[in-house]
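*Asks:* Below, each chain spelled out in residue letters.
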Amino acid sequence: KAGVTQTPRYLIKTRGQQVTLSCSPISGHRSVSWYQQTPGQGLQFLFEYFSETQRNKGNFPGRFSGRQFSNSRSEMNVSTLELGDSALYLCASSLGDPSGEQYFGPGTRLTVT
Amino acid sequence: AQSVTQLGSHVSVSEGALVLLRCNYSSSVPPYLFWYVQYPNQGLQLLLKYTSAATLVKGINGFEAEFKKSETSFHLTKPSAHMSDAAEYFCAVRTTSGSRLTFGEGTQLTVNP
Chain R
1 KAGVTQTPRY LIKTRGQQVT LSCSPISGHR SVSWYQQTPG QGLQFLFEYF
51 SETQRNKGNF PGRFSGRQFS NSRSEMNVST LELGDSALYL CASSLGDPSG
101 EQYFGPGTRL TVT
Chain X
114 AQSVTQLGSH VSVSEGALVL LRCNYSSSVP PYLFWYVQYP NQGLQLLLKY
164 TSAATLVKGI NGFEAEFKKS ETSFHLTKPS AHMSDAAEYF CAVRTTSGSR
214 LTFGEGTQLT VNP
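As given, the protein sequences belong to chains R and X, one line each in that order. Heads up: the first sequence runs through residues 1 to 113, numbered per this note's numbering. Heads up: the second sequence runs through residues 114 to 226, numbered per this note's numbering.
By construction, these hints were calculated from the structure, which means they are not laboratory data. These figures come from a predicted structure and were not determined experimentally. Beta carbons: idealized from backbone N, C-alpha and C, even for Gly. Treat the hints loosely; a few may be bogus.
Unchecked claim - Below, computed lysine to any residue pairings styled on SDA-like, alpha-carbon distance capped at 25 Å:
id, chain 1, residue 1, chain 2, residue 2
1, R, Lys57, X, Lys171
2, X, Lys182, X, Ser141
3, X, Lys181, R, Asp97
4, R, Lys57, X, Met196
5, R, Lys57, X, Pro143
6, R, Lys57, X, Ser141
7, X, Lys182, X, Asn154
8, R, Lys13, R, Pro98
9, R, Lys13, X, Tyr145
10, X, Lys182, X, Pro153
11, X, Lys182, R, Pro98
12, R, Lys13, X, Asn154
13, R, Lys13, R, Asn59
14, R, Lys13, X, Asn137
15, X, Lys182, R, Ser99
16, X, Lys181, X, Ala167
17, X, Lys171, R, Gly100
18, R, Lys57, X, Tyr145
19, X, Lys171, R, Ser79
20, R, Lys57, X, Ser193
21, X, Lys181, R, Gly3
22, R, Lys57, X, Lys181
23, R, Lys57, X, Thr164
24, X, Lys171, R, Asp97
25, X, Lys182, R, Asn59
26, X, Lys182, X, Ser140
27, R, Lys57, R, Glu75
28, X, Lys171, R, Asn59
29, X, Lys181, X, Ser193
30, X, Lys181, X, Met196
What the hints assert, rightly or not - Just a sample of chain X residues kept apart from chain R, beta carbon distances all over 12 Å, derived:
id, residue
31, Asn154
32, Arg207
33, Thr223
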């Protein structure tokens, strides 16, 4: 079974631009969660989508948004990029129950200059 | 609200020595607990999880963890460290509905020859 894939793997953007990251979950998984990882703040939850609906949301500004498509693929968008948005963005997929495993993708490394 | 504390941001052991990585959680309801490992430039890989079925949980690569409710702990151990165990380890908790994980700060494990 193919794992979680994220595209692109690396991205360099300029302050003020916007960016869209993509995540394809494991086949059959209906939940996709996004996390931001930085050296200073560690791993922080952004949001979770389940069956095309946002089910949970972390404490991030409205510049961070996401969506999920009918095939469970998910995208996250960051508008008006700031230097502090430079991070590794990780996507995780699961069946959606609290006791179940989350499987992580390799991440997208975003650098904002 | 739940939280996780990992004691020791850096742990160094000799090859063949015991590995002990500490994790304490705070939760008002019975938690689901997880340990993940992250190798450089990769996503997170699940080592093991606790979901109340058994207090001693065995995971991959020889790791195990014991859930101790009285101590609110879920420490990760491995009897004999291998060079390939060098990585960053994260403890995580989940109690709410959905798939949201709250992570600890991480522990960087170094294995010396």
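*Asks:* Hints numbered earlier in the text: which of these fail when held up against the supplied structure?
*Replies:* 1, 4, 7, 8, 9, 10, 14, 19, 20, 21, 22, 25, 28, 30, 31, 32
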